Amino acid sequence: MIVTKAPPLPRLGKSLRRPDGMAKARGVFKFSSDLDEPGMLWGHLVRSPHPAARIAEIDISPARAMAGAAAVLLAGDVPGRPTYGLNYPDQPVFASDEVRHVGEVVAAVAADHPLTARRAAEAVAVRYEVGEPVTDPEVALRAAPVHPLGNVLAEQRVVRGDVAAEGDVVVEGYYETGMQDQAFLGTEAALAVPDGQGGIDIYVATQWLHIDQDQISASLGVPHDQVRVHLAGVGGSFGAREDLSMQIPLCLLALRTGRAVKMVFGREESFLGHVHRHPARMWYRHSADRSGRLVKVEARILLDGGAYLSSSPAVLSNVACFAAGPYRVPNAFVEATCARTNNPPCGAMRGFGSVQVCVAHEAQMDRLAAALGMDPIELRRRNALRPGDDLVTGQVLEGAVPVIELLEACSSAPLPPERHWETTEPGDLALPGGSGRAAEPLRVRRGVGVALGFKNIMFSCAFDDYSVARCRLEGGRVTITTAAAEVGQGLVTLLHQIAGEVLGTDEVVLAEASTVGIGSAGSTSASRQSVMTGGAVQAACQAVADAVLAATAARVGVPRASLQLAGGRVVSDDGCVDVPVAEAGALCGECFEETVTYQHAATAELDEKGQGDAHVAFVFSAHRAVVDVDVDLGLVKVVEMTTAQDVGRVLNPLQLVGQIEGGTSQGVGFAVMEELIVEHGRVRNPSFTDYAIPTALDMPPVRIAALVQEPQPGLPFGAKGAGEPPAISSTAAVLAAVRDATGVAVNRAPVHPPDIALALAPGTRAGQGDAGVTPS
Amino acid sequence: MSTAQAVSHFAISCEVNGTTVDRVVAVRQLLADFIREDLGLTGTHLGCEHGVCGACTVVLDGEAVRSCLALAVQADGRSITTIEGLSGDGLTSMQQAFRRAHALQCGFCTPGFIATLSVADPSDYHDEAGVRQLISGNLCRCTGYENIVAAVCEEWGIERS
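Chains A and B, in that order, give the protein sequences.
Residues 1 to 776 in the working numbering are what the first sequence lists, from first letter to last.
Residues 1 to 161 in the working numbering are what the second sequence lists, from first letter to last.
Because the hints were derived from the structure by calculation, they are not lab data.
All figures in this text were calculated on a predicted structure; none of them were measured in a lab.
From the three backbone atoms N, C-alpha and C, an ideal C-beta is built for every residue, glycine too.
Hints should not be assumed to be uniformly reliable.
List time: in silico SDA-like cross-link candidates among lysine to any residue, alpha-carbon distance up to 25 Å [stated by the list, open to error]:
hint	chain 1	residue 1	chain 2	residue 2
1	A	Lys30	B	Ser161
2	A	Lys609	A	Glu268
3	A	Lys30	B	Asp38
4	A	Lys14	B	Asp38
A few chain B residues facing chain A, derived, Cβ under 8 Å [claimed, not checked]:
hint	residue
5	Val7
6	Phe10
7	Ala11
8	Ser13
9	Asn17
10	Thr19
11	Ala55
12	Asp76
13	Gly77
14	Thr81
15	Gln105
16	Ser136
17	Arg141
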């Protein structure tokens, strides 16, 4: 159901099919791992096996002597800046004195065959003096520094109202979220080609071409314009490609050897070679009056950032801003900290920051409802944010705030039948555990849970966030150039639709995304590209349309004021002129070209009390989960997910729903199966056998209860980004449903079978304590 | 102790997408690497290298096989069809259904799904649960499977639950 509060547009709002769909369905679309260049070499990285160690000695001579090996590079071979990083360059290109996490890069090799490169990498002899890793973020705050910049990667307080205020009813809880991996299917891969004059072209699957260029250029010591970054086919990203992976070592190898070099990570290396979702520990205290109105929310939240900074400040800022959930909270005290440890670095992943706190604030709302003897839906309705309310950060919400609408759409949707395994074939697949470990039907319990979540879209906290687009109209044909990364989400389709909408044509071509001749489009993250690059393309096309209008007036010999632009057409007052803009441009016989930078409204930093208008816009979402749980085995089957989302305006219904379904599946995965297990700084399950992501059997149907279409003032077409919200409230909803089914106070994502089964085992008191984990 | 000399390479002859291919391959080479690196057929994608994700699925003598779990020498005397061979010059009706239903986003997993589906007999599948079971050996991280299931059900005339 689409709840429409916006008039329709000619091309937008229709389910145009992806322009790359044909190539992808045929398998001819070139992913970064599919590229080659005659005579190219293969690169491989040497990584630390230790979470903390001093490097005593590195002997490259055995590797160098290997037949087929072309180059072995160490820290001393980096001509420019020895470090890199998204927010601040605290991460060495190659570790030289010490290593701070398993998988840290120590050296790079190039050879004439991928196996030779791998063997040469294994032949690089590094002698480590192994140290004691700091792997507990709480301990890290008191421990000797893991890095010269200290062990506090970011911290933020939010202080609002009277922190001494206290309601009649108080509930406390401790919650945890584990380390989730983006687990895109196409592992990291790139091809670097030297130009023979000191410059380089790199073809890479990335999320943000220009920030890659900045970092590569700095470490190569090669001028910016001689580092050309081109987008190669991206096999999913979800945040993991925002940081550099292999870019700098690969370019160094290519420049050193004077030959093209390709590198592809295997799956295990991919798990070690990109950032993950920050694990969180969250202590919460909610108080409310007897009618259920929230009086105060207190929270202490600790994130494990791993060894390097990455985008931890942005994640931490979201944790602080959204800790209380989408509710009216008059008094709040939130203390959020991100610690540096010797664990794998953490950074961007879909819904960053909001996903973690949603698990906690929604569990607290359920706990509060139980303490009040109130229906959890009713408690949420009473406290839900409404238009014109302000957040705990003091920011007043402008535009759509359809929290109650989303909640009601989800909670009032029809429920699926129980005991459906009796009517489906094969029935055991519908039971918790599936065919392998089928549950005992008599011991299966049904549960239903609802969760609300929200998040900022675009970059916040005074970041200079912009995107550049060029529109060229020649002979009726439109060419759009941007550096925005299509990662699978379907931006390419939207840009076609937007250009077509403004210029009244379907004849639109998107130029390849690269850093050559066009400014930054910013990152494909934070649900920002539909707005930012969509906005830049709209503005560039609008500028072209304005120029076409002026040229048409001159050509026809009428006053400019007698012509208007309407629905992608140039129209005269008297009706004599009525022609699509693109066609009018062709009739003028000129080439029109405009390049425009789109910026969203300025945002402010949060002050020391966490107050400030830090965000430009928000999106809200709701999920209802229905689960079946075998209470003896602790196995959870997610039966159905129902969702409603605040979308501003629907630009492409099919793609929008595709994003919602995909995001929901990642949230379901995080609720019941996905966790990178890190012990003593080592990832124990870096494979798809041991890090399980949902299959078609794990994933239930996703029902769309409502897409609330209320155009957001100040955003192009009023459309909001849509990628992240489905990953936020889905996890919390599944956990709520598991609690409902079992009575166990499940307090962590993901919930593992023992968390349920052991809590309900004879001799334990189910639901009396926090199942799964206790604070250290 | 064996005195036989270790064989490092082996001459194979197989049919790939309808064309006979004679090559000498390393005995340890994976079928996936043979297809991608030696034959340049990069539509077969490697997602996990150990038989879990299904992205590298190809058709070997009419059966769906994970090419990361097979050796190139095992293709000797046999017939391989990759996504390139399944597609021909255009799209099969299943590929069209994928495109129409928005059953692909990043598209990395798509050739594996198409290969798996190409050898299935639609008459064996009567409901959505069966379709989900059929494709449960192919991972997709983008779509949540909803539109993949929709595409298959549409193509095979299965009413969705």
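Here is how each hint holds up against the structure:
1. Lys30/A <-> Ser161/B: violated (36 Å)
2. Lys609/A <-> Glu268/A: violated (42 Å)
3. Lys30/A <-> Asp38/B: holds (17 Å)
4. Lys14/A <-> Asp38/B: violated (43 Å)
5. Val7: Violated - the Cβ of Val7/B stays beyond 8 Å from chain A, reaching only about 17 Å at its closest.
6. Phe10: Result: violated, 17 Å to nearest chain A Cβ.
7. Ala11: With Cβ-Cβ at 20 Å, over 8 Å, it is violated.
8. Ser13: violated (24 Å)
9. Asn17: violated (11 Å)
10. Thr19: With a minimum Cβ separation of about 17 Å from chain A (threshold 8 Å), the hint on Thr19/B is violated.
11. Ala55: holds (6 Å)
12. Asp76: violated (21 Å)
13. Gly77: violated (25 Å)
14. Thr81: violated (12 Å)
15. Gln105: It holds, given that the least Cβ distance between Gln105/B and chain A is near 4 Å, below 8 Å.
16. Ser136: Because about 4 Å separates Ser136/B from the closest Cβ in chain A, which is inside the 8 Å limit, the hint holds.
17. Arg141: At 5 Å from the nearest chain A Cβ, Arg141/B passes the 8 Å test, so the hint holds.
In this structure, the hints that do not hold are numbers 1, 2, 4, 5, 6, 7, 8, 9, 10, 12, 13 and 14, in rising order.
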